[in-house]
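Once you have looked at the hints, place chain U on chain W.
The listed protein sequences correspond, in order, to chains W and U.
Position one of the first sequence corresponds to residue 1 (my numbering), numbered consecutively onward.
Position one of the second sequence corresponds to residue 1 (my numbering), numbered consecutively onward.
Any given hint could be a false lead.
Copies of the same chain look alike in the list, so a pair counts if it works inside one copy or between any two.
To be verified - Within a straight-line C-alpha distance of at most 35 Å, the following computed DSBU-like cross-link-like pairs (lysine-lysine) qualify:
{"hint": "1", "residue 1": "K3", "residue 2": "K201"}
{"hint": "2", "residue 1": "K135", "residue 2": "K319"}
{"hint": "3", "residue 1": "K34", "residue 2": "K303"}
{"hint": "4", "residue 1": "K3", "residue 2": "K206"}
{"hint": "5", "residue 1": "K252", "residue 2": "K3"}
{"hint": "6", "residue 1": "K319", "residue 2": "K303"}
{"hint": "7", "residue 1": "K135", "residue 2": "K303"}
{"hint": "8", "residue 1": "K201", "residue 2": "K319"}
Since the hints were made in silico from the structure, they are not lab data.
Protein chains: 2
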Amino acid sequence: MTKVHAYAATTAGGRLAPFEYELGELGPGEVDIKVSHCGICHSDLSMLNNEWGMTAYPFVGGHEAAGTVEAVGEMVRGVSVGDRVGLGWHAGACMHCGHCMGGNHNLCAEQVGVIVGRHGGFGDRVRCQAEFAVKIPSGIELADAGPLFCGGITVFDPIRRFVSPTDRVGVIGIGGLGHMALQFARAWGCHVTAFTSTDAKADEAKSMGAHAVINSRDDNALEAAAGSFDCIISTVNVPLNWEGYLNALAPKGRLHLSGAVLEPVPVNAMGLIMGQKQVSGSPVGSPRAIATMLEFAARHGVKPRTEVFAMAEVNEAFKHLEAGKARYRIILEA
Amino acid sequence: MTKVHAYAATTAGGRLAPFEYELGELGPGEVDIKVSHCGICHSDLSMLNNEWGMTAYPFVGGHEAAGTVEAVGEMVRGVSVGDRVGLGWHAGACMHCGHCMGGNHNLCAEQVGVIVGRHGGFGDRVRCQAEFAVKIPSGIELADAGPLFCGGITVFDPIRRFVSPTDRVGVIGIGGLGHMALQFARAWGCHVTAFTSTDAKADEAKSMGAHAVINSRDDNALEAAAGSFDCIISTVNVPLNWEGYLNALAPKGRLHLSGAVLEPVPVNAMGLIMGQKQVSGSPVGSPRAIATMLEFAARHGVKPRTEVFAMAEVNEAFKHLEAGKARYRIILEA
Numbered sequence: 001m002t003k004v005h006a007y008a009a010t011t012a013g014g015r016l017a018p019f020e021y022e023l024g025e026l027g028p029g030e031v032d033i034k035v036s037h038c039g040i041c042h043s044d045l046s047m048l049n050n051e052w053g054m055t056a057y058p059f060v061g062g063h064e065a066a067g068t069v070e071a072v073g074e075m076v077r078g079v080s081v082g083d084r085v086g087l088g089w090h091a092g093a094c095m096h097c098g099h100c101m102g103g104n105h106n107l108c109a110e111q112v113g114v115i116v117g118r119h120g121g122f123g124d125r126v127r128c129q130a131e132f133a134v135k136i137p138s139g140i141e142l143a144d145a146g147p148l149f150c151g152g153i154t155v156f157d158p159i160r161r162f163v164s165p166t167d168r169v170g171v172i173g174i175g176g177l178g179h180m181a182l183q184f185a186r187a188w189g190c191h192v193t194a195f196t197s198t199d200a201k202a203d204e205a206k207s208m209g210a211h212a213v214i215n216s217r218d219d220n221a222l223e224a225a226a227g228s229f230d231c232i233i234s235t236v237n238v239p240l241n242w243e244g245y246l247n248a249l250a251p252k253g254r255l256h257l258s259g260a261v262l263e264p265v266p267v268n269a270m271g272l273i274m275g276q277k278q279v280s281g282s283p284v285g286s287p288r289a290i291a292t293m294l295e296f297a298a299r300h301g302v303k304p305r306t307e308v309f310a311m312a313e314v315n316e317a318f319k320h321l322e323a324g325k326a327r328y329r330i331i332l333e334a
Numbered sequence: 001m002t003k004v005h006a007y008a009a010t011t012a013g014g015r016l017a018p019f020e021y022e023l024g025e026l027g028p029g030e031v032d033i034k035v036s037h038c039g040i041c042h043s044d045l046s047m048l049n050n051e052w053g054m055t056a057y058p059f060v061g062g063h064e065a066a067g068t069v070e071a072v073g074e075m076v077r078g079v080s081v082g083d084r085v086g087l088g089w090h091a092g093a094c095m096h097c098g099h100c101m102g103g104n105h106n107l108c109a110e111q112v113g114v115i116v117g118r119h120g121g122f123g124d125r126v127r128c129q130a131e132f133a134v135k136i137p138s139g140i141e142l143a144d145a146g147p148l149f150c151g152g153i154t155v156f157d158p159i160r161r162f163v164s165p166t167d168r169v170g171v172i173g174i175g176g177l178g179h180m181a182l183q184f185a186r187a188w189g190c191h192v193t194a195f196t197s198t199d200a201k202a203d204e205a206k207s208m209g210a211h212a213v214i215n216s217r218d219d220n221a222l223e224a225a226a227g228s229f230d231c232i233i234s235t236v237n238v239p240l241n242w243e244g245y246l247n248a249l250a251p252k253g254r255l256h257l258s259g260a261v262l263e264p265v266p267v268n269a270m271g272l273i274m275g276q277k278q279v280s281g282s283p284v285g286s287p288r289a290i291a292t293m294l295e296f297a298a299r300h301g302v303k304p305r306t307e308v309f310a311m312a313e314v315n316e317a318f319k320h321l322e323a324g325k326a327r328y329r330i331i332l333e334a
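Isolated chain W (complex conformation) (with noise of 0.2 Å):
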């Protein structure tokens, strides 16, 4: 039997404490990752605090991890004990439904959830079925993959259906998705505009790819941009100036949701129609779109700008997430 060093909390939005459980047998489909590192994500936040609903206490969270194979299941292909991989929002999905079978494995109805009623990867291991944990290029370093998996995917994986390199690109939010997104779009090949609220984050935007910025705050600037953005992919999840944001596309443009907003986006029926416009939002991606994104990442030394703390220094980490602070994802390493 195997047993997991890990950190939990106890109740919803407790400190998480050293915690050891047991992993039980390993299942023929599944693998052991032992963590290296593991990226914290603003819903490892939401889940520690069950602001959804589905939070399963002991919680251990952790959705962005990156290590090496220890253990395979006895049916497992494709993934070698000692590999490098990493682990995203995903740890399962039932293989077979059409939506598996068509590649969209984030859309199956029965995704398990790495950190949805089992433990995540704040620890020192995290076990997953085989598939999704996905190889990590050997242009990647363990201590940068984690926030690809989730944080990364979830602005890559709209970029890669939606997005020609011909078009021009607006990013709100410059925080963990945000500065990703800037850095996948500038390798895509577009032009680049990033929305922020914060201007002390103008200079540093433009280092990750930015061509312009513009402060998310300033109505007048909005405005200015009216008609100008083939695709904008808001990152935030507070509501917006959204009737602006959808003026500011272009004719045929779109506006991506990768933030989890709780209040309705007012749609105006007729700019959509008149502008031929959409308004879409999508869930993390496949592992067979991580992967595409793995090698994308490493021929463009796309990765995040990493604070890191010991795994031992969860709580102020979330302390340091929760206060606004981080620049631009926290890495714990174990």
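Using the frame of chain W, we list chain U on its own:
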């Protein structure tokens, strides 16, 4: 000089009365169409009532005209005197911007609406830029052609761009647009569901191509259809149970707005994200898209179901439309 015998209103919502005007000299790139028939679209009513604040009086409506070319300007290519043609919402565009050069003339910022600041098809003649007089294939009668040029292309264009023959398609509102959407989606190869609040239309909807009919006011029926549609096209201009329709989409599904509802459509970001869904809109279509539609309509026998009024009965026709009695498109015969 060419005189037009038309019907015009002189005030918002006023009765239309006989009205004569001179067309003036034919421009080198223009054509005159001898109108044989003209459909009435709900937006003729909106323009008559100046609901969009852009109506000029005397107002001659009519943007679903069909007839024969009577005169062509000296620079005109591709259209000849005697050609059977139709004219929809657009009478012209700049022809040199990126949208026009990309084949998306309906998105041109300088687009000219047939009934916006100029006179439309409720008369014996109408003038337009030659490229917007689209030839009608021999398989389509002039008496049937007009409604395809606005109502038809408005629902055909999203099908052309977004729908696969393997899709399950829903059409909300079985009126002027919706009854053609059912036919197009059926001919496209899709499984088709009609959403109508009028139970009496159920059998007719099936005769137009619907495999299934759901009462659009039956929230339980809508809930039972959760997750089942790849594309839902809304042709209505009143607020609906939008959350219910978004839930009725399958993962990767699309809600397309062809009806200009004035109240904002509240979009639940989390639902959009988790289901990787889209909300879109579009305005009629380009001349090339209209030509493509006409060829498809002729091949499949898609045509509006019409009620014919004499042009002189235009006021009675508007009353019939306003009372919600049109089954399903009114045609004025010149």
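Hints and how they fare:
no.	hint	result
1	K3 / K201	neither (42 Å within a copy, 65 Å between copies)
2	K135 / K319	within (31 Å within a copy, 67 Å between copies)
3	K34 / K303	within (22 Å within a copy, 64 Å between copies)
4	K3 / K206	neither (45 Å within a copy, 62 Å between copies)
5	K252 / K3	neither (53 Å within a copy, 40 Å between copies)
6	K319 / K303	within (23 Å within a copy, 64 Å between copies)
7	K135 / K303	within (16 Å within a copy, 55 Å between copies)
8	K201 / K319	within (20 Å within a copy, 60 Å between copies)
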